[in-house]
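*Asks:* Mind docking chains B, C and D with the ligands on chain A? Use the hints.
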Amino acid sequence: MRYSFLSILANGLNGQSDWKPAWRDAAPKPSYDVVIVGGGGHGLATAYYLAKVHGIHNVAVIEKGYIGSGNAGRNTTIIRSNYLLPGNEPFYEWSMKLWEGLEQELNYNAMVSQRGILNLYHSDAQRDAYARRGNAMRLAGADSELLDKRQVRAMYPFLDFDNARFPIQGGLLQHRAGTARHDAVVWGYARAADTLGVDIVQNCEVTGFLREGGNIVGVETTRGAIRAGKVALAVAGSSSRVAEKAGLRLPIESHVLQAFVSEGLKPVIDGVITFGAGHFYISQSDKGGLVFGGDIDGYNSYAQRGNLPVIEDVAEGGMALMPRIGRLRLLRMWGGIMDMSMDGSPIIDRAPVPGLYLNAGWCYGGFKATPASGWCFAHLIARDEPHAVAGAYRLDRFRSGHLIDEKGVGAQPNLH
Amino acid sequence: MRIPCPYCGERDAHEFSYLGDATLVRPDPAAVDAQDSALADRFHDYVYLRDNPAGAHREWWYHANGCRQWVRVTRDTRNHAIAGASLAREPGDAA
Amino acid sequence: MADRSSHDPLHDPLAGIAFDRVPPAGAYGAAGEPGVGVSTAEEPFIALAVARQGHAASVVERLRRALGVELADRPHAAIEGGTTVVGTAPGRFLVLSRSEPDLAGTLRAVLGTEAAVTEQGDGYVTFDLSGPRVPDLLAKGALVDLDPLVFRVGDAATTVIAHIGVTLWRTGETSYRLLVARSLEAAFTRFLIASGAEYGLRLENQGSGGRG
Amino acid sequence: MSRPDKNRLASGGLIDRAAPLSFRFDGHSYRGYAGDTLASALLANGVRLVGRSFKYHRPRGIFSAGAEEPNALVELRSGARREPNTRATVVELFDGLEATSQNRWPSLGLDVLSVNRFLSPFLGAGFYYKTFMWPASFWEKLYEPFIRRAAGLGRAAEEADPDHYEKATAFCDVLVIGAGPAGLMAALAAGRTGARVILADEDFLPGGRLNAERREVHGRAGAAYAAHVAAELASLPNVRLMTRTTVFGAYDSGTYGALERVGDHLPVPAPFQPRQRLWRIIARRAVLAAGATERPIVFGGNDRPGVMLAGAVGTYVQRHAVLPGRHIALFANNDDAWRGMLAASEAGARVEAIIDVREEVSPALVEAARARDIRVLAGSRVIATQGRKLRTVDVATPRGREQLVVDTLAVSGGWSPAVHLTCHHGGRPVWNEAIAAFVPGASPAGLTVAGAANGSFGLGAALREGAAQGAEAAEALGFPVPPLDVPAVEDEAFALQPFWHVADSKGAAFVDLQNDVTAKDVGIAHKEGFRSVEHLKRYTTLGMATDQGRTSNVTGLAIMASLTGASIPETGTTIFRPPYTPVSLGALAGHHRGKDFRPVRLTPTHEWAARQGAVFVETGAWLRAQYFPRKGEKDWLETVTREVTAVRSSVGLIDVSTFGKIDLQGPDAGSFLDRVYINGFSALAVGKARYGVMLREDGMVMDDGTTARLGPEHYVMTTTTANAAKVYQHLEFCLQVLWPELDVAIASISEQWAQIAIAGPRSREVLARVVDADVDVSNEGLPFIGAVEGRVMGGVKARLFRLSFSGELGYEIAVPARHGAALAEALMAAGEEFGITPYGTEALGVMRIEKGHVSGNELSGQTAARDLGLGRMASTKKDYIGRVMAGRPGLVDPARPGFVGFRPVERARRLRAGAHFLSLGAKPETANDEGYMTSVAYSPHLGHWIGLGLLVRGPERIGERVRAYDPVRGEEFEVEVCAPGFIDPEGERLRG
Ligand SMILES: Cc1cc2nc3c(=O)[nH]c(=O)nc-3n(C[C@H](O)[C@H](O)[C@H](O)COP(=O)(O)OP(=O)(O)OC[C@H]3O[C@@H](n4cnc5c(N)ncnc54)[C@H](O)[C@@H]3O)c2cc1C
Ligand SMILES: NC(=O)c1ccc[n+]([C@@H]2O[C@H](COP(=O)([O-])OP(=O)(O)OC[C@H]3O[C@@H](n4cnc5c(N)ncnc54)[C@H](O)[C@@H]3O)[C@@H](O)[C@H]2O)c1
Ligand SMILES: Cc1cc2nc3c(=O)[nH]c(=O)nc-3n(C[C@H](O)[C@H](O)[C@H](O)COP(=O)(O)O)c2cc1C
Ligand SMILES: [Zn+2]
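Taken in order, these protein sequences are the chains called A, B, C and D.
Residues in the first sequence are numbered from 1 upward in steps of one, following the working numbering.
Residues in the second sequence are numbered from 1 upward in steps of one, following the working numbering.
Residues in the third sequence are numbered from 1 upward in steps of one, following the working numbering.
Residues in the fourth sequence are numbered from 1 upward in steps of one, following the working numbering.
Next up, chain A with everything else stripped away, as it sits in the complex (with noise of 0.2 Å):
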């Protein structure tokens, strides 16, 4: 059924009465193919694209717990492509591209909402680390501004400006950035995939991979094997883990991120900030709960869950910011585990092992990445060679040296 005003309005008269599943919750066949493992945005939209662009319709997500278990359902929703080298930005300005007419093409509204990311500095050095970014928004076609303290105070009157520790300079906004509904990203895909043809499987864990002379040919999975013409791996948190099941190791550590949700409120701020000198950044949800998060716990972890040094650091900064939320109290708490590449950036690539393909590494940003990573994903499997704009995301960087490490931390994934 079309989502629309309309179709609102019949079920509104009749009682609700007409609406069906949104996806399918399909049993397994015995093959497909391609098997997609991993039901989160970047799964879903994989599957979507490879039967909407490349045709590609026999095809199957297999999800072990309910779709959008992962970082899917449990990032701080923030969409931007302010990036700054060039293996990453033209990336992730497709992405946003992609983001800006997604909710049409799905017929799904993701609440895609365009309200601006503001990113603070607090000295002249980040202000011309700013800059520099900014260019390299604007050199890849995306919008960028450094804003100076003035504009800054207008568009958020409430910062502590004057009596922080680490006054605020100004800022890099980029307009175009904002927030998606996490969830409906989610939904919106599964239901544009499944209408397409795409089988969605619930509940059902890989747990291993079917091989043939050294090609991987399917999957083993708690609800039997699974054959498949080319396997695609886009497990998130879990690549390690699923990764070693085909004998490989892989350049990331897998660690905890945490994010936090206020009670909800009426407006207090309307698009996203991040603090410069602290780790915090906070956007409120069209619900009115304030969305924030920081810094990873910094530890190998697949608990799902953190602990409180990083929750007091977050606060620490949110008061250092905006003192006018001491009073505003924290709902809720929860983890995601992070897939934390060596050098901060994601690899879409062919595996080492005939048959398998990987996605991964998107550390604490691949929310955004979720239309873009499908898209070019989908165009690896289906023309078995890298999208132009997903170029840069090899495996085999590590081994030749073209790193894309944005922060310059270097082999370090918990500080990246």
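If you are wondering where the hints come from, they were derived from the structure by calculation, not from laboratory data.
Just so it is clear, CB atoms sit at the ideal spot from N, CA and C, and this is done for glycine as well.
Any given hint might turn out to be false.
[Stated by the list, open to error] Derived CB-CB ranges, DEER-like:
{"hint": "1", "chain 1": "D", "residue 1": "W134", "chain 2": "A", "residue 2": "G65", "range": "31 to 41 Å"}
{"hint": "2", "chain 1": "B", "residue 1": "A31", "chain 2": "C", "residue 2": "R152", "range": "45 to 55 Å"}
{"hint": "3", "chain 1": "D", "residue 1": "P145", "chain 2": "A", "residue 2": "P30", "range": "45 to 55 Å"}
*Replies:* Coordinates of chains B, C and D with the ligands only, in the frame set by chain A:
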């Protein structure tokens, strides 16, 4: 999370800084001819590849705000339970 | 620089005090008998002795013979007359002396090539805290069990309080000594005042409003 | 103008009638007593309409008497202290309290958005995912702003929070969470063993349900018994009783987060007291005795003000001596609710009827009800309600329908144990059929559960379990356990018939009252395939409001289970996450806000520099003098130009104490340095210094600095200010982990030594005047890169280094930090006749750019030594950290951007760091990006702006022109590539 520093006693993890996998061994540059690409491969594996297990993980923590010792900790990455810790200079098995 | 202007001056013991100056001596917070006394000094003579490879035991022995201190392989402060020796890491000892001007030289003479000695007397400001509420005050910063029931006289810890690295030990029933990096004196004093105000805090320091 | 509190009972309750308090709600004045909550006081005054719901703006009243409250959320206090979404049920009343209703406009009684109610047929679960998509641009412009304004509940304060917060840590052997009967006994049992015990309860009054129910323990009224135990606990030196303290989260290794509300029961916090205190409680063992939460039955019209949990009715009557209504009916499925209602009736409430879904109820209860003149409607259910505030209730009985005239409907669908903290480590609760509730499954290590939280609903059981677990916890830690005489109390039978939803009722039937999720919404979710509890939650927002679904989660999933045909345990629960109840951000930040966000580090000459009029700049934790403006100078550029000119023409001084300084001693110190630096240090002569570059193991530059050799086995290293801690940690890693065989001892001496640089052609003359007579600072005595120890200012120990960052003849003089300021003064005096000028970090930066030295901007972590023109320093004769990886093809690619200088072709142009480079004529796009400007300065020496940067094949392109592309500052112009040294490239000045 509390890390049992062998010298200082149990301390909150925020006093430490974390480095990661403590099973990695820096390749011996003298063992292979310096021009040998095998050396580059070994360094690549050492610097970049990780087992990243879900389970027992032997890892380095530096007690930066304490005794400034590197501590080898065995911790379960699924539940953060710590099985043991030893100082880098002690050969001891952590678990 | 501006103080925390948004705060109610009646209730903010730091109102009007520049954050980049050491707060002046005086009484802060609740009136009456102060629950915490703080006095700071640059302990004139401090040196660090680090045992060389394989010499930890004999360094301990030499220090025992020369200074009369019993050292343990744990964070502990041995106090003997005017000399205090604090273990900060395996084979690492901070030696404090009230009277030995060439402390480093003396230690080098005592330890020979078995230890590396560096002068540290200018690196720290010493905070002497005393009073019944000191443990409560320290609990507001340290994540170390400083409960007098378990942290006994002579016990020591190198830890972090309010983002500031500190080496501390218990010198008496209600007295504690803390070493704080010199550059952080103002910040640390601010923490003490903000956290000790509810007990009443008396600060004695050089009162210059800044060091040097 | 205080109205009488007409619903207050004349006697009884745990309020202090001698302590009347006045308060205001929505502008009206009322009266209450010490011991009241805001909710109990409002009810006492007959106020029943308290708020508006989230989505449909329906009028709402008070639903519970505790932390689970979904409806009665208010804005407490005003101005900078406004606290939105405050549950009236847990606010302790104080004199002068002010509260206002929220989520309504213009007033609580007349709320415009209550029209949403009539649109509700169209606003079902997930409707917004299906519309608002056309035209695309309307989303941000129109739909979303409207949704955002309508959503949310209370309003945040507009000003900075004026109160103080702090954090503290407590250690204990046994932490007991909750001071109801189970918790009190647990604390007593553990406390009597001598173990260190903390007993925390979120309430201001210990006792839990003992304060709310009519029970006797040991011959005393329950509340009195609780007070008695609490008094004993307070007298034990090893026990800390913390009231008003909520344990909100279980973290790793026995760390619990707790929030103490130190001053929330006061108009403003007491002088010098924080408003709230965040506790990290580190417990070896913990006993969770958090009780249970009652849950309602869902039926049409169940949200009207006047519908209330049965236990809450009991609490208001017994604890607060308040009649929540004049005419009360009970709708229940269990015996406990009957008992509570009977007790309330005995205490003075008028109970009209008991409606029970069960056909069979224990004859004794029926008898007791009839004895109190209460009608019993067994086998019946509520199918509709009427009234803006509850007026009438329609009941379907086996004999047909009837309407009851009541103002209060007490509801009970059973109790859900407060298992939350047991789930914080991922444990899942398990279904217990007997009580139709989830009970704790696997708990965090060291945590056990007692009492109602464990599903043991009887009072006797709570007391016994509490005592047993408290003792067991202490015993496990080795404390000898003396016998404890646990009061024997009979366990009342717990009889319940699971019942969740009156499916045939009329009108919206709310499952989640706060988020306005109805039973019909659950049905929509089911139809659309959002059937897993997690999808149900996310699609309908069930359980996501400020109460986290305390009273709705189980009913919601039970309704879903009935739709899918799965059992409740198969359907499962969503995950409980911290915090148990919401925690203020102020408390989580504590002292660290404003100027105290992070500690400030001050240089030894800070005070001196301030006297010189310095403007300071934050460089990491440090404050450093940025420049020293003089009267009449129009801007910083004029000041900095003066400072640079003074140095280049005569002499200036700057405090460089912030550099990291590391002392290295030992026979292997030299070879150790050889391994960490790309260049060699073991062959450095004693008395000399050398510039060194250090790599990370991945081949990128980590840090640079000079290291001097003071003795055969003694070196002193300097690091950049920013990397001081990182380099020290790295050296310790190398020594402890990589090469433990090396005999080197390192120590940080950053704080020990003040270091002041003097630079300029007259610097030697200045230096000569401060050193003691026996120190030879002549060109021969202290040649370039010489390093000697000596004395200055008449006996002050010093280290003298002849180094130069500025390109001028220069020295760095280190003295023990306490003499730093005196040294600055002495140098100023010595240089007076040369016009010695203090300069700041800006001038330092200008001079290093003129000289072409790399610094922080170039050491970005993305540059290899080759990129920075430092490749030739790398020794080929030894191994060092980073050597192998630096040889990767990507890092030795000649097309990588290399380090060069720039000057504007039009000399008057101002250069900007961050501008990118494009070849002339190249289109501005990523593919043509050739690098960027890392640093710029106005060069007083050259009289124009100069820059340093990284340009593709830069060193091969000297003399070429490229475009500096800087659209974020609206600029784009040609620059000329040049060698990075703009001044004295031969280095004659510094050697002179
Ligand atoms: C707290 C937090 C905040 C974040 N904030 C942002 C942000 O603001 N902006 C941004 O761009 N990014 C953000 N991210 C990162 C972003 O969420 C992730 O990078 C991104 O969602 C990863 O891609 P995904 O959606 O496909 O992953 P996931 O949703 O994690 O999908 C992977 C799926 O694979 C499944 N799976 C794993 N193993 C198996 C198996 N063996 N068999 C079958 N299925 C399996 C998992 O169950 C999971 O559903 C954040 C992440 C977190 C945790
Ligand atoms: N028969 C029934 O149906 C039934 C059902 C439930 C409870 N009860 C009665 O309830 C009582 C159970 O005793 P109990 O001691 O187990 O529970 P309780 O409800 O009496 O006490 C729990 C206490 O824990 C506190 N608390 C809860 N969570 C907290 C947290 N996170 N931090 C700090 N404090 C917290 C509460 O404020 C409360 O004081 C008995 O009197 C029993 O009869 C009866
Ligand atoms: C952007 C965003 C907003 C959220 N808002 C709320 C909220 O308003 N209320 C709530 O209870 N949880 C909210 N959550 C948290 C979820 O309840 C949940 O904790 C999170 O998705 C992780 O899943 P888990 O806790 O089931 O592991 C939000 C999560 C995200 C990502
Ligand atoms: Zn330690």
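*Asks:* Now tell me if each hint is right for this structure.
*Replies:* We went through each hint and held it up to the structure:
no. : hint                          : in the structure
1   : D:W134 with A:G65: 31 to 41 Å : holds (34 Å)
2   : B:A31 with C:R152: 45 to 55 Å : holds (51 Å)
3   : D:P145 with A:P30: 45 to 55 Å : holds (51 Å)
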